[in-house]
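Colleague: Sequence:
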Amino acid sequence: MASLSRALRVAAACPRPSRPRGLGLRALTGQAGPTAEKSVPYQRTLKDDAQGPSAVARGPSRPLPSTADVVVIGGGSLGCQTLYHLAKLGVGGAVLLERERLTSGTTWHTAGLLWQLRPSDVEVELLAHTRRVVSRDLEEETGLNTGWIQNGGLFIASNRQRLDEYKRLMSLGKAYGVESHVLSPAETKALYPLMNVDDLYGTLFVPHDGTLDPAGTCTALTRAAAARGAQVIENCPVTGIRVRTDDLGVRRVAAVETEHGSIQTPCVVNCAGVWAGAVGRMAGVRVPLVAMHHAYVITERIEGIQNMPNVRDHDASVYLRLQGDALSVGGYEANPIFWEEVSDKFAFGLFDLDWDVFTQHIEGAINRVPVLEKTGVKSTVCGPESFTPDHKPLMGEAPELRGFFLGCGFNSAGASSVLPV
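Just so you know, the UniProt record's numbering puts the end of the sequence shown at 421, numbered straight through with nothing missing.
Bear in mind the hints are in silico, worked out from the structure with no lab data behind them. Don't take every hint at face value.
[Said to hold, decoys possible] With a cut-off of at most 20 Å between alpha-carbon atoms, the simulated EDC-like pairs for lysine to aspartate or glutamate come out as follows:
(1) Lys88 x Asp164
(2) Lys167 x Glu179
(3) Lys167 x Asp121
(4) Lys189 x Glu373
(5) Lys392 x Glu333
(6) Lys88 x Glu140
(7) Lys392 x Glu125
(8) Lys392 x Glu141
(9) Lys167 x Glu257
(10) Lys174 x Asp164
(11) Lys378 x Asp354
(12) Lys88 x Glu125
(13) Lys392 x Asp121
(14) Lys167 x Glu187
(15) Lys378 x Asp356
(16) Lys345 x Glu234
(17) Lys174 x Glu139
(18) Lys88 x Glu141
(19) Lys345 x Asp213
(20) Lys374 x Asp390
(21) Lys88 x Glu139
(22) Lys167 x Glu123
(23) Lys392 x Glu363
(24) Lys174 x Glu123
(25) Lys189 x Asp344
[What the hints assert, rightly or not] Derived Cβ-Cβ restraints for the label pairs, each shown as a range:
(26) Lys392 x Ala334: 46 to 54 Å
(27) Arg160 x Gly376: 30 to 38 Å
(28) Glu187 x Pro370: 15 to 23 Å
(29) Glu300 x Pro63: 46 to 54 Å
(30) Arg160 x Arg58: 56 to 64 Å
(31) Gln150 x Pro63: 38 to 46 Å
Where is the CB? At the ideal position from N, CA and C, for every residue including glycine.
All chains should be modelled from the sequences, with the hints used to inform the complete structure.
Modeller: In structure tokens, the structure reads:
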């Protein structure tokens, strides 16, 4: 099996065709298709239409109600979370519509990292709530395991400014009950023996961070919501949003139209992820997000990595997620690949990983954990994620249309943000 260092050398040596660049962003050059090494829920991907009839062709998973108090569009992490909280608030007439199967868009391949500390107090409060729900509440309510693993999180500071930023995060976290500790390089080495700390000023350790299983969490969320009267309808693509204008000239949501009928409703929540823009256009609402490729690789077994915390190196733009006795290595590029034409037939699918783009993450990961240089790559994952211009999620009612709410654009962190509605 090829090691990360060999992949790095191959990527550097191979000639690459010139690609159009604009505003520092790389244009899409690959075609969507499944990655063979990645196991897929329901044993199905949509490489092309020739693979057989889709789940949509088989009809909705249950009959559509004629009316609903709220219709949630999108059966990924955000959609399931929204339905759960609506049901907990007593909105028994809430309905979730998913064009394919739950988690089939981006949620199924998400890393599921939960970092509780962010620069915004709103996000810190949201993530602290998330941790309570996935680590305690859902299992108590449903008896289902969300796959929560509390192995802690470690933020890397390779300069003085970054360490000062982490100290501010620690102070902010205290206000919301999030425990964290600033560690010296020596303390960091004691906590994570495989880590190179020669270039570190320090780290921020959050002991109650961890990871969750996105698919398992969605199952628990919808189970809990259904127990309170909410409905989940799969295999039911939305085709339109019917709008009415009231006596004062205000545009309001009137109904949701699907391939299998319509549902009268005064309220829609757009949780369609990378498809949120298309859903917004149905209602005349602009949703400012773009779809991009996001990739990570899963390594072979690493001796001594068990029980280590997850690592986020902001300066190198790399994260290391504990994966049993291995690591998932990923990151965020300054020059990412856009998914220009978002396909409405894409489900449980992946893209081919572009090693030319991914090279920078390999370099950063090997610098931080040198043993990775000789560690093999077990599998690769490259799927779509939605990002917003300011890297903040889109939440709340759209100004153009009353009753049309957004719950999207979580910048690949949707699985770790359980929305308190």
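Colleague: Each of the hints needs a verdict: does it hold here or not?
Modeller: Right, here's what the structure says about each hint:
1. Lys88 x Asp164: 40 Å, violated
2. Lys167 x Glu179: Given pair lysine 167, glutamate 179 holds - Cα atoms ~12 Å apart, limit 20 Å.
3. Lys167 x Asp121: 15 Å, holds
4. Lys189 x Glu373: 19 Å, holds
5. Lys392 x Glu333: Holds, at about 17 Å.
6. Lys88 x Glu140: Distance of about 14 Å is within 20 Å: holds.
7. Lys392 x Glu125: 15 Å, holds
8. Lys392 x Glu141: 30 Å, violated
9. Lys167 x Glu257: 50 Å, violated
10. Lys174 x Asp164: 16 Å, holds
11. Lys378 x Asp354: Roughly 16 Å separates the two Cα atoms, so the pair holds.
12. Lys88 x Glu125: Holds - the C-alpha atoms of glutamate 125 and lysine 88 are around 19 Å apart, at most 20 Å.
13. Lys392 x Asp121: Cα-Cα ~12 Å, so holds.
14. Lys167 x Glu187: 16 Å, holds
15. Lys378 x Asp356: Satisfied, since the Cα-Cα distance of roughly 18 Å is no more than 20 Å.
16. Lys345 x Glu234: 14 Å, holds
17. Lys174 x Glu139: 26 Å, violated
18. Lys88 x Glu141: 11 Å, holds
19. Lys345 x Asp213: 24 Å, violated
20. Lys374 x Asp390: 37 Å, violated
21. Lys88 x Glu139: 15 Å, holds
22. Lys167 x Glu123: 17 Å, holds
23. Lys392 x Glu363: 28 Å, violated
24. Lys174 x Glu123: 14 Å, holds
25. Lys189 x Asp344: 47 Å, violated
26. Lys392 x Ala334: 46 to 54 Å: Hint violated: Cβ distance 19 Å, outside 46 to 54 Å.
27. Arg160 x Gly376: 30 to 38 Å: Check passed, 36 Å falls within 30 to 38 Å.
28. Glu187 x Pro370: 15 to 23 Å: At 19 Å between Cβs, range holds.
29. Glu300 x Pro63: 46 to 54 Å: 48 Å, holds
30. Arg160 x Arg58: 56 to 64 Å: 59 Å, holds
31. Gln150 x Pro63: 38 to 46 Å: Once the Cβ atoms are compared, 41 Å apart, the range 38 to 46 Å for proline 63 and glutamine 150 holds.
When the structure is compared with the earlier hints, violations turn up for hints 1, 8, 9, 17, 19, 20, 23, 25, 26 and for no others.
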